[in-house]
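Peer 1: Next come the chains, spelled out residue by residue.
2 protein chains.
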Amino acid sequence: MRMILLCGGGGKRLWPISNNTHSKQFIKVFDDGNGGYRSMLERAISEIREIDPDTQVTIAAGRVQTEEVRSQLGFDVSLTEEPSRRNTFPAISLAASYLKDHDKVDPQEPIVIFSVDSYADHSFYECLFSLGEIVENGTANLVLMGIEPDGPSDKYGYIIPASSDPVSAVREFREKPDIETARKYIEQEHALWNAGVFACRLEYLLKRADIVFGSSSYAYLIQHYPELKQISFDYAVVEKEPNIAVKRYNGTWADAGTWTSLATLLNNGDVGQVVRDDQCSDTLVVNDLDIPVLAMGIKGAVIAAGRDGILVAEKDRIPDLKSVVDKVWLEPRIIGKRYGGKEVLYRTDSSETSLLTIRAGSSVTIKTDVGVRKTLTVLRGAGEQMKPGTIFTIQDGEKWQINADTDIELIETMIEFEIEPEED
Amino acid sequence: MRMILLCGGGGKRLWPISNNTHSKQFIKVFDDGNGGYRSMLERAISEIREIDPDTQVTIAAGRVQTEEVRSQLGFDVSLTEEPSRRNTFPAISLAASYLKDHDKVDPQEPIVIFSVDSYADHSFYECLFSLGEIVENGTANLVLMGIEPDGPSDKYGYIIPASSDPVSAVREFREKPDIETARKYIEQEHALWNAGVFACRLEYLLKRADIVFGSSSYAYLIQHYPELKQISFDYAVVEKEPNIAVKRYNGTWADAGTWTSLATLLNNGDVGQVVRDDQCSDTLVVNDLDIPVLAMGIKGAVIAAGRDGILVAEKDRIPDLKSVVDKVWLEPRIIGKRYGGKEVLYRTDSSETSLLTIRAGSSVTIKTDVGVRKTLTVLRGAGEQMKPGTIFTIQDGEKWQINADTDIELIETMIEFEIEPEED
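Order-wise, the sequence lines are chains A and B.
Everything in the first sequence is counted per the working numbering, starting at 9 for the first residue and increasing by one.
Everything in the second sequence is counted per the working numbering, starting at 9 for the first residue and increasing by one.
Any given hint could be a false lead.
Repeated chains share a single entry, so a pair holds when one copy, or any two copies, can fit it.
[What the hints assert, rightly or not] Below, simulated PhoX-like cross-link-like pairs (lysine-lysine); rule was C-alpha separation at most 25 angstroms, straight line:
{"id": "1", "residue 1": "Lys-163", "residue 2": "Lys-248"}
{"id": "2", "residue 1": "Lys-20", "residue 2": "Lys-237"}
{"id": "3", "residue 1": "Lys-330", "residue 2": "Lys-248"}
{"id": "4", "residue 1": "Lys-237", "residue 2": "Lys-108"}
{"id": "5", "residue 1": "Lys-215", "residue 2": "Lys-108"}
{"id": "6", "residue 1": "Lys-407", "residue 2": "Lys-330"}
{"id": "7", "residue 1": "Lys-407", "residue 2": "Lys-395"}
{"id": "8", "residue 1": "Lys-112", "residue 2": "Lys-407"}
{"id": "9", "residue 1": "Lys-307", "residue 2": "Lys-395"}
{"id": "10", "residue 1": "Lys-330", "residue 2": "Lys-192"}
{"id": "11", "residue 1": "Lys-163", "residue 2": "Lys-345"}
{"id": "12", "residue 1": "Lys-375", "residue 2": "Lys-215"}
{"id": "13", "residue 1": "Lys-335", "residue 2": "Lys-215"}
{"id": "14", "residue 1": "Lys-307", "residue 2": "Lys-215"}
{"id": "15", "residue 1": "Lys-192", "residue 2": "Lys-345"}
{"id": "16", "residue 1": "Lys-36", "residue 2": "Lys-407"}
Read the hints as simulated data drawn from the structure, not as lab findings.
Whenever a hint applies, use it, and build me the whole structure from the sequences.
Peer 2: So this is what it looks like as structure tokens:
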């Protein structure tokens, strides 16, 4: 069994902790059980490893996300990079062709495809494995996960199963209904939410890609990616398939993409360096900075502080955040890098001072342009010719390779400088 | 006429914008009329200069405040530095002896003594000059400013004048009363608040110092400062003097020492990079950082962000700030320096990365200890052998003098490094 994890999405709804490259699946706000925090992506991978350490997960990510994926999962993660944003079927096809051509996966192998848009409990990850097993057993060509609704919702499409059995054939799909209609679907037809989680054999995906794009070769798909038909997996595959099964999942499956939903998930807790008085209530405080947040008497609000800015919002106002944030949207200051990460501490028109983190075992080449000078000071950690206090300066196109033996922290000061006129 | 401005006080009530060295009179939150901000100290000096550019003001400050005073008022400000904290009479005596011994001021010269604890309008500064003129005319040995109360208050001592005339003899002084008693004082006796603003001849101050400390010599007072009797000016002087006049002041005189009073003074406005939606009300937002604060739907609160931390507090909770802030009180990250200022951007156990600002015309010697290395990168401005992009590294007791031709901004990375063992 192999898994494909779709990784994408923007960052405005969780500003200032997330941004375009640092989107919701990457933000580290979930308890890692060791006094630290982990992201939904890290959590998903760790849940899967816990069930089966050998199951390989390939991450299908957009170009802006790949550095962040490597930052969180390490340099040797299996990863396909979409050269541009198309839609789910091109992204899935690219990942499937990579499994075939690069990883030489048996075309009969079941493939489970999912995303980490929502927060789910451990049984969700067990259910992913069940989907693969159902495919293995030959029950259906395509197996979906159906989420048991915790109430009628107009935010999801619905799957109508043939029966209320744990695994059932799918009778039909219904578009997002209004709340009243949703209630009827659930009460009268055992309807389930379509979470976009499904499984099939690799061969099945490849055949569909052949039909839609004229090829299922990785070389072809990556080369022609920007011209591939923009088509969703639902439209390209699900709607064309008569033999679909659905497996019911009745655990937690909660939206984690807005501050209000995150406040519920995190039980209005504190993330990071936070002090609150006993008169604060119904308030989430997330602090990504290295200075304290003090909250006194605040009720029904979200306070979030990060390198990109500070948000203080009444929970009722959160739905407007995405549009209001355009007024404060700056060039991101927190940037995931394949070797670790970068946080901009201070920025002027012609300079940038940043904290760089380089993960143990990673290599990174620091480069400069003409007229640009960079000074790097090692604060912590060790690497080749490098220990705390080591300073190096490069400029005008020079490079410097860092090979990190342990996690390294550096301060980088980048400055555009005046080039001296050459003397005759 | 000469003036002595008493400059002191802590910083917890306006955390995180103020701290112990950066106390309330230094924080830049008042409109400077040019799109920028100025402090109460800068404002006071500018109001006085506007009335008479030649009047010299000597700042009486504690050791922790003197760098900040020089940062705001320039290197050539007249300043006495109290070696330790005693009380108002030692501080005033030290400043008076400095005027005599260093500035050779005529003992007959009127001296006006005041502080910038409160926010006052222009007529307050005009009134300061009137106090000096009343002394000059020989009306009384000591002249006080009496603030016309805008209501009964239990926060101030009261002056009972002999009449309601603009200038009157003082009949007596009364301790802080309860509100009901205060009301009677005001209604029946034209009572005034004692603001601790007064004037007398220099000679008068010196004689009192001779009596209390046995000397009015600057050399003696500075040398014996830590052992000088801790005594207030009220107790040492005012209570002993039968011939006191009071001048009524009826302009603005508002407390600026807490976030609630500052919110009223600043009309719940925005300071710094702030975006708020139209559903915010009765909320002050002060942002000293270079990232934006976004406030949505917040009502009746204070939001303040600075290098030392972030405060989000309901206004009703502000009176408790001083005690709560001890839980988040860290080593200050924003530090006024005589040559400009320092903001710590990132701090670890063994390193500190800061933004240094050096004012045009200032000189500063950057020093290092053994085992410490500092790298400085010039971001903006110019000085001797220095322009944007200039980098220098010093270590192990080395020094580097910076002479700033224009305002200079530098990034300093200070790191403790391991000293290599010497080879045999």
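Peer 1: All hints are to be evaluated individually against the structure, with a verdict given for each.
Peer 2: Taking the hints in turn, this is what the structure says about them:
1. In this assembly of identical chains, Lys-163 and Lys-248 lie within 25 angstroms of each other by CA distance solely inside one copy; the values are 23 angstroms within and 80 angstroms between copies.
2. Within a single copy, Lys-20 and Lys-237 get their C-alpha atoms no closer than 27 angstroms, and across copies no closer than 61 angstroms, so neither meets the 25 angstroms cut-off.
3. When the C-alpha separation of Lys-330 and Lys-248 is checked against a cutoff of 25 angstroms, the pair qualifies neither within a copy, at 35 angstroms, nor between copies, at 67 angstroms.
4. Taking the shortest alpha-carbon separations for Lys-237 and Lys-108, only the intra-copy value of 21 angstroms comes in at or below 25 angstroms, while the best inter-copy value is 88 angstroms.
5. For the homomeric pair Lys-215 and Lys-108, the shortest alpha-carbon distance inside one copy (12 angstroms) is at most 25 angstroms, but the shortest distance between copies (98 angstroms) is not.
6. Taking identical chains as interchangeable, the C-alpha atoms of Lys-407 and Lys-330 are never at most 25 angstroms apart, the minima being 39 angstroms within one chain and 50 angstroms between chains.
7. For the homomeric pair Lys-407 and Lys-395, the shortest alpha-carbon distances inside one copy (19 angstroms) and between copies (23 angstroms) are both at most 25 angstroms.
8. When the C-alpha separation of Lys-112 and Lys-407 is checked against a cutoff of 25 angstroms, the pair qualifies neither within a copy, at 37 angstroms, nor between copies, at 63 angstroms.
9. When the C-alpha separation of Lys-307 and Lys-395 is checked against a cutoff of 25 angstroms, the pair qualifies neither within a copy, at 47 angstroms, nor between copies, at 50 angstroms.
10. Proximity of Lys-330 and Lys-192 under a CA criterion of 25 angstroms is satisfied in neither setting, with 32 angstroms inside one chain copy and 57 angstroms between copies.
11. Proximity of Lys-163 to Lys-345 under the C-alpha cut-off of 25 angstroms is found in neither arrangement, the shortest distances being 34 angstroms within a copy and 57 angstroms between copies.
12. For a Cα distance limit of 25 angstroms, the shortest separation of Lys-375 from Lys-215 qualifies neither inside one copy, at 43 angstroms, nor across copies, at 70 angstroms.
13. With identical chains, the CA atoms of Lys-335 and Lys-215 are never at most 25 angstroms apart, being 46 angstroms at best within one copy and 63 angstroms at best between copies.
14. With identical chains, the CA atoms of Lys-307 and Lys-215 are never at most 25 angstroms apart, being 55 angstroms at best within one copy and 58 angstroms at best between copies.
15. Neither within a single protomer nor between protomers do Lys-192 and Lys-345 lie at most 25 angstroms apart by alpha-carbon distance, with minima of 48 angstroms and 70 angstroms respectively.
16. In this assembly of identical chains, the alpha carbons of Lys-36 and Lys-407 never lie at most 25 angstroms apart, being 32 angstroms within a copy and 42 angstroms across copies at closest.
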